[in-house]
Amino acid sequence: GMRRTINGLEKAYAGYLDEVRLWQRARTRQQIRRTLNKALAPQYYQSADSGLVAYWQCDSLEDLGIGGDGVDDIRDLSIYGNHGDLAGDVTLTTVGAYTGIGQPGSLARPEGFVLWQNYPNPFNPKTVIRYQLSGISDTEVAVYNLLGQRIRLLMQGRQAAGAYELTWNGRDDVGREVSSGFYICELKAGGYRQAVRMLLLK
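Counted the way this note's numbering counts, the sequence shown spans residues 1 to 202.
Don't take every hint at face value.
[As the list claims (entries may be wrong)] Computed Cβ-Cβ distance ranges for the label pairs, DEER-style:
(1) G51 - L154: 17 to 27 Å
(2) V128 - Q43: 29 to 39 Å
(3) D173 - R29: 22 to 32 Å
(4) A195 - R27: 29 to 39 Å
(5) G135 - R25: 11 to 21 Å
(6) Q156 - R34: 21 to 31 Å
(7) R25 - G191: 14 to 24 Å
(8) P125 - Q30: 36 to 46 Å
(9) G157 - W23: 27 to 37 Å
Hints in this document: simulated from the structure, not taken from any laboratory.
For glycine and all other residues, C-beta sits at the position ideal for the given N, C-alpha and C.
Make the full structure from the sequences, and use the hints.
Right under this line is the structure:
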């Protein structure tokens, strides 16, 4: 492919894609090279531990033109199942300049501050939530529904640097079982926040 300008803002690759992978954590150069030019092994997309949140193989279309809508269905192989349609050309748009990792203007995060994806996910009846702090922090870990209402406060207090693990049993603050669906787990530590989406299936 060749390079071209998109909306006069950035230059990008104008070619063909046979798959798209979205990760929720940075990957090392060695990790990228290990899976370059080959399909991912099931160990990556059948578990949340790898950090893969979406994996579309664009050369593996299913139910072509299903429902008479004239588009091709594409399946997300990750555990999140974000299936979709392919129709027409894919266009990349942006509201500003791209910022690379470590460049001025990127969001600062202390080394070692991270909230990992819960596991298992989807889960029933309980799931494990792991996080790591880089220093002493006033920390809060809570579960919210998609309306932003707090369902369960899992931890609140001052914690030293280190790795921590909590378990959520699918119940709210008064011990009632919550219904199936998506929930948000948010970690607040000092001035930093991070969240992951969890799916409870009964």
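Is it true that Q156 and R34 lie within 21 to 31 Å of each other by Cβ? violated, 40 Å
Cβ-Cβ distance between R25 and G191: within 14 to 24 Å? holds, 21 Å
Holds or violated: 36 to 46 Å for the Cβ distance of P125 and Q30? At 38 Å between Cβs, range holds.
CB-CB spacing for R27 and A195 relative to the 29 to 39 Å hint: violated, 20 Å
Given the hint of 22 to 32 Å, check if D173 and R29 actually sit that far apart at their C-beta atoms. violated, 44 Å
Measuring from beta carbon to beta carbon, are G135 and R25 in 11 to 21 Å? Since G135 and R25 have Cβ atoms about 20 Å apart, the given range 11 to 21 Å holds.
CB-CB spacing for Q43 and V128 relative to the 29 to 39 Å hint: The hint (29 to 39 Å, Cβ to Cβ) is violated, given that V128 and Q43 are roughly 19 Å apart.
Looking only at beta-carbon atoms, does the pair G51, L154 fall within the given range of 17 to 27 Å? Once the Cβ atoms are compared, 21 Å apart, the range 17 to 27 Å for L154 and G51 holds.
Range hint 27 to 37 Å: satisfied by the CB atoms of G157 and W23? holds, 31 Å
The structure does not agree with the numbered hints 2, 3, 4 and 6 stated previously, though it agrees with the rest.
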